[in-house]
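Chain by chain, the residues:
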Amino acid sequence: MDVLDDPIAAARTGAALLEVEDLRVGFAAGGRDVRAVNGVSFRVSPGRTLAIIGESGSGKTVSCRAVMGLLPAGTVVTGSARLRGAELIGLSDSQLRKHRGADMAMVFQDPARSLNPTMRVGAQVAEAVRAHRAVSRSQAREEAVELLRLVRIPLPDRRYHEYPHQLSGGMRQRVMIAMALACRPRLLIADEATTALDVTTQAQIMELLLDLQAELNMALIMISHDLGLAASYADDVVVMYAGKIVEQAPARRLFGTRGAVRMRYTRALLDAIPRLDRPAHTILPVVGGRPPDPAALPPGCPFAPRCPVTADDCLTTEPELAEHVEGHRWACWHPCQNGDTP
Amino acid sequence: MTEREISPQPLLSVREVVQEFVVRERGGARGGVVQAVSGVSFDILAGETLGIVGETGSGKSTLARAILQAPRPKSGRVVFRGTDLARLRGRRLLEARRNLQFVFQDPFGSLDPKWRVRSIIAEPLVAQHAGDRAARARRVSELLDLVGLDPARYARRYPRELSGGQAQRVAIARAVALNPSLLICDEAVSSLDVLIQAQVLNLLERLRGELGLSYLFIAHDLALVKQVSDRVAVMYLGRMCEIGPGESVYRQPLHPYTRALLDSVPSTEPGAARSAATIKGEPPSPISPPSGCRFRTRCPRARDRCAEQQPPPVEHAPGHVVACHFPLISDEERPVAGPQAGRADVD
Amino acid sequence: MAAPRPEAALPGPGLLAPGPPLLPSAGVSPRRLASQRLGRALRLWVPAGIVVLILATCFLLPLVTRMPSPTNGNILDAGDPPFSPGHWLGTDPVGVDVFSQLVYGGQVAFEVGLAVTAIGVVVGGLLGITAGYFGGWVDALLSRVVDILIAFPALVLALAIAEGLGPSEVHVIWALSVFSIPAFGRLSRGATLVVRDLEFMVAARLAGTRGWRVIARHVLPNILPGLVTFSLLGIGIVIILEGALDYLGYGIPPPTASWGAMIANGQTVLTAQPEYVLIPSVVLVVVVAALNMLGDALRERWGVR
Numbered sequence: 000m001d002v003l004d005d006p007i008a009a010a011r012t013g014a015a016l017l018e019v020e021d022l023r024v025g026f027a028a029g030g031r032d033v034r035a036v037n038g039v040s041f042r043v044s045p046g047r048t049l050a051i052i053g054e055s056g057s058g059k060t061v062s063c064r065a066v067m068g069l070l071p072a073g074t075v076v077t078g079s080a081r082l083r084g085a086e087l088i089g090l091s092d093s094q095l096r097k098h099r100g101a102d103m104a105m106v107f108q109d110p111a112r113s114l115n116p117t118m119r120v121g122a123q124v125a126e127a128v129r130a131h132r133a134v135s136r137s138q139a140r141e142e143a144v145e146l147l148r149l150v151r152i153p154l155p156d157r158r159y160h161e162y163p164h165q166l167s168g169g170m171r172q173r174v175m176i177a178m179a180l181a182c183r184p185r186l187l188i189a190d191e192a193t194t195a196l197d198v199t200t201q202a203q204i205m206e207l208l209l210d211l212q213a214e215l216n217m218a219l220i221m222i223s224h225d226l227g228l229a230a231s232y233a234d235d236v237v238v239m240y241a242g243k244i245v246e247q248a249p250a251r252r253l254f255g256t257r258g259a260v261r262m263r264y265t266r267a268l269l270d271a272i273p274r275l276d277r278p279a280h281t282i283l284p285v286v287g288g289r290p291p292d293p294a295a296l297p298p299g300c301p302f303a304p305r306c307p308v309t310a311d312d313c314l315t316t317e318p319e320l321a322e323h324v325e326g327h328r329w330a331c332w333h334p335c336q337n338g339d340t341p
Numbered sequence: 000m001t002e003r004e005i006s007p008q009p010l011l012s013v014r015e016v017v018q019e020f021v022v023r024e025r026g027g028a029r030g031g032v033v034q035a036v037s038g039v040s041f042d043i044l045a046g047e048t049l050g051i052v053g054e055t056g057s058g059k060s061t062l063a064r065a066i067l068q069a070p071r072p073k074s075g076r077v078v079f080r081g082t083d084l085a086r087l088r089g090r091r092l093l094e095a096r097r098n099l100q101f102v103f104q105d106p107f108g109s110l111d112p113k114w115r116v117r118s119i120i121a122e123p124l125v126a127q128h129a130g131d132r133a134a135r136a137r138r139v140s141e142l143l144d145l146v147g148l149d150p151a152r153y154a155r156r157y158p159r160e161l162s163g164g165q166a167q168r169v170a171i172a173r174a175v176a177l178n179p180s181l182l183i184c185d186e187a188v189s190s191l192d193v194l195i196q197a198q199v200l201n202l203l204e205r206l207r208g209e210l211g212l213s214y215l216f217i218a219h220d221l222a223l224v225k226q227v228s229d230r231v232a233v234m235y236l237g238r239m240c241e242i243g244p245g246e247s248v249y250r251q252p253l254h255p256y257t258r259a260l261l262d263s264v265p266s267t268e269p270g271a272a273r274s275a276a277t278i279k280g281e282p283p284s285p286i287s288p289p290s291g292c293r294f295r296t297r298c299p300r301a302r303d304r305c306a307e308q309q310p311p312p313v314e315h316a317p318g319h320v321v322a323c324h325f326p327l328i329s330d331e332e333r334p335v336a337g338p339q340a341g342r343a344d345v346d
Numbered sequence: 000m001a002a003p004r005p006e007a008a009l010p011g012p013g014l015l016a017p018g019p020p021l022l023p024s025a026g027v028s029p030r031r032l033a034s035q036r037l038g039r040a041l042r043l044w045v046p047a048g049i050v051v052l053i054l055a056t057c058f059l060l061p062l063v064t065r066m067p068s069p070t071n072g073n074i075l076d077a078g079d080p081p082f083s084p085g086h087w088l089g090t091d092p093v094g095v096d097v098f099s100q101l102v103y104g105g106q107v108a109f110e111v112g113l114a115v116t117a118i119g120v121v122v123g124g125l126l127g128i129t130a131g132y133f134g135g136w137v138d139a140l141l142s143r144v145v146d147i148l149i150a151f152p153a154l155v156l157a158l159a160i161a162e163g164l165g166p167s168e169v170h171v172i173w174a175l176s177v178f179s180i181p182a183f184g185r186l187s188r189g190a191t192l193v194v195r196d197l198e199f200m201v202a203a204r205l206a207g208t209r210g211w212r213v214i215a216r217h218v219l220p221n222i223l224p225g226l227v228t229f230s231l232l233g234i235g236i237v238i239i240l241e242g243a244l245d246y247l248g249y250g251i252p253p254p255t256a257s258w259g260a261m262i263a264n265g266q267t268v269l270t271a272q273p274e275y276v277l278i279p280s281v282v283l284v285v286v287v288a289a290l291n292m293l294g295d296a297l298r299e300r301w302g303v304r
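Line by line, the protein sequences give chains A, B and C.
Note that numbering that gives the first Met the number 0 gives residue 15 to position 16 of the first sequence, counting from 1, and the numbers run on in steps of one.
Note that numbering that gives the first Met the number 0 gives residue 179 to position 180 of the second sequence, counting from 1, and the numbers run on in steps of one.
Note that numbering that gives the first Met the number 0 gives residue 195 to position 196 of the third sequence, counting from 1, and the numbers run on in steps of one.
No wet-lab data here; the hints were simulated from the structure.
Just so you know, not all the hints are guaranteed correct.
[Said to hold, decoys possible] If you want the footprint, here are the derived chain A segments under chain B, 3+ residues with CB under 8 angstroms: (1) 167-181; (2) 187-199; (3) 219-228; (4) 275-283; (5) 286-292.
Glycine is no exception: its CB is placed at the ideal position from the N, C-alpha and C atoms.
Chain A with its partners taken away, still in its complex shape:
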């Protein structure tokens, strides 16, 4: 019995479902060399949820697409990404297709664009089933209905025959999840999957994802810009900036203990989010400037130009991502101290 099928055994032995090491992604565009991802390493175990947090341009989406092999031709990907021990980087598309769907699947942000508007939703789910397994059409249809039921779409046999435009955003996203789950993948990557949804629907979808994770013993990677989402639903959190991981810790530690956040960028993010407990008209602590150009990354820490406590070493030498405290890694020469607010 594969240790990865048993989450408790996996946790005990530390076996990871997905191990990414020193992933780097670059490509040439407009004659310039763009470094979208610069040495990213993380692991996800079955039954665990990892949140990858970052703003746009941080490289969070590109990293996961690199793992899934969904980047356009001409992109240079180096490093290693091992899924159940099998190396994914460097595989051809046809080889990767075997892994996609069966071992790993992805749910995207905008279901309106990911679903074919001219095809009934049930048929699309059935198509996803048949893409990876040789089953008859009627069997695929039955499974599709079951999948729709699994994602808690009411009256799935009726909804099977509807078109995407007849469904609400939340429903469409459930259909996307059903398609992703068609072959019971071990790893599900949700790329801003709830960003376009209402907050009440978001809560429902997140509940659904977590319940499915428990039922199917999946590992879940959530890509988001929403720290609140990570705090509420993730086990582990990785914060990315300029293509690198700048802080990594279990969610409870990062968000739970007052002042446990170390990296200045994470602190800036947390401070900049509107919070329900703040009085009205507070001026938010603000970090000026913009993220660096991925084709012209400065030496030293990429956040240094904007950081409130930049020192000389920040500008010249890039801080290493190191585990300074058990379970908590950060890359900062002058991290926040406990209870420190800039």
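Since the structure of chain A is already known, use the hints to place chains B and C on it.
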């Protein structure tokens, strides 16, 4: 509450505004009529910020456009600085609207891609014949400085040469060019990254102080709305569920929908429990909304009366009005909204 | 509720691409990028060059050199092959210089093509923009006018005019305008409708800009690329229609040279000497194809859908 005086005469007074539009089926045939806004009323006093929060289909953006008369609401009154905008036409409407401006959600959509930044900001000045060319150029520089963009570097740019945050600043500069009294912000920061969003919010706060602006701030992000507003209104499917002072609405929500919204917000607060989705089902179709109270199909407290009669707005606390037959006023209800500090079921 | 937009400058010719923050523009190797660029440039400049060359030949060459008459020929020279002295492409069965006919016929083709298209753009554009922008009864009225014009079959009208008023270049232009005005009318109305409710238009109206100014300064610059690319295609179509009219004898009256007439005349000796039909046909095809390709390349460059 703010330090500045809030005068008693409403700056904007909206009464029973109704807005409809025809739904087109694929191919252009008439599919039905959607009443996006069904009788909304509220006031905004000079110097205050009213936040309107609601999800998709709540009608909040349609309401904003209806206030502007772009397009005109089907019925209702929109009294701005004493004049009913709904009755004005042509030039008189332009004159009256001069003091009412709008910031859109999409920073790039609201800027003509073929125009330079300086022309974009100067447009309201040109349209209202404010000053000669030299005076306008000075004013444009002034406005760019006001929103934190260096005129020397940005005046000559095209929108495609700007980032999202910069484009939104240009839109704000244009909006305040004529010194309006009321600025309507329709999801004005929703498409910006967190750190940039904070910058723009601070800018809006600063302008509030420096220019004495009032705001109608529309968003779907509850924390955002609370932070920006003095009073908050909650909309669902074209009707206003609840309206009142921000602290009051968030700490002691009276409407079950407000309660459900607050429960659904994931929080980064230390010790916050994972919020259970307390709302059931899907939003109903706006073409045929439920009878009586529109929220009843998803409300855990709904009873027969909710289907028969639309709940009238009732004031339960000072300035805090709710439209619900069975509002959450008893003490046994959980009183604390937002961060669920002290709850026992932390996982 | 869109995802945040990218704040970092994305790669690309110095500019940010506003839009969803997914992958930046397709990752391609520098070599492939360069060849894509070359392809794009060729697709634009080669047809442009051909069009300019033909225009120059038709309009400028006669000013510079003496050309044999396109209408009167010396029967003794009839049937000369190409590259005969004094006749670059030879002469036709009645002795008229072929090249001259091409050149002067080209003048006619372009004059008609440009005139008809210009009338279409100006009149049709005006009607369409007004209908699209103001909507309501204005739109209803103007659209009916345009519909009536469309209902007129242009060729039949041209024949009727030629019969009634006698064939001439001006009559051809009128007749074909009946076709180009509604074409541009519909196009510009559609484009205006698309643009009219974009947010920056609402913003312009909120700023207080009055109707006509909004049209001139906001609508027009934004629909112009579409109009221009359509014009190029339109010129090509008109040239073909004009050629058809000349071929039927209802266009430019003989003996004035025109491509259509050349084809008609060459028909009589088609099997024996096909070149008299082929040469003007090839020229027609090249001109129209070049105009079409130029239109497509511009559309690609300007991002018109």
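Cross-check of the supplied hints:
Counting residues of the segment 167-181 of chain A whose CB lies closer than 8 angstroms to any CB of chain B gives 4, which reaches the minimum of 3, so the coverage claim holds. Look at the segment 187-199 of chain A against chain B: 3 of its residues bring a Cβ nearer than 8 angstroms to a Cβ of that chain, three or more, so the hint holds. For the segment 219-228 of chain A, the stated coverage by chain B is satisfied: 5 residues place a CB nearer than 8 angstroms to a CB of that chain, which reaches the threshold of 3. For the segment 275-283 of chain A, the proposed coverage by chain B is satisfied: 9 residues have a C-beta within less than 8 angstroms of a C-beta in that chain, meeting the threshold of three.
Requiring three or more residues with a Cβ within less than 8 angstroms of a Cβ of chain B, the coverage given for the segment 286-292 of chain A holds, as 3 such residues are present.
Every hint from the earlier list agrees with this structure, and none is contradicted.
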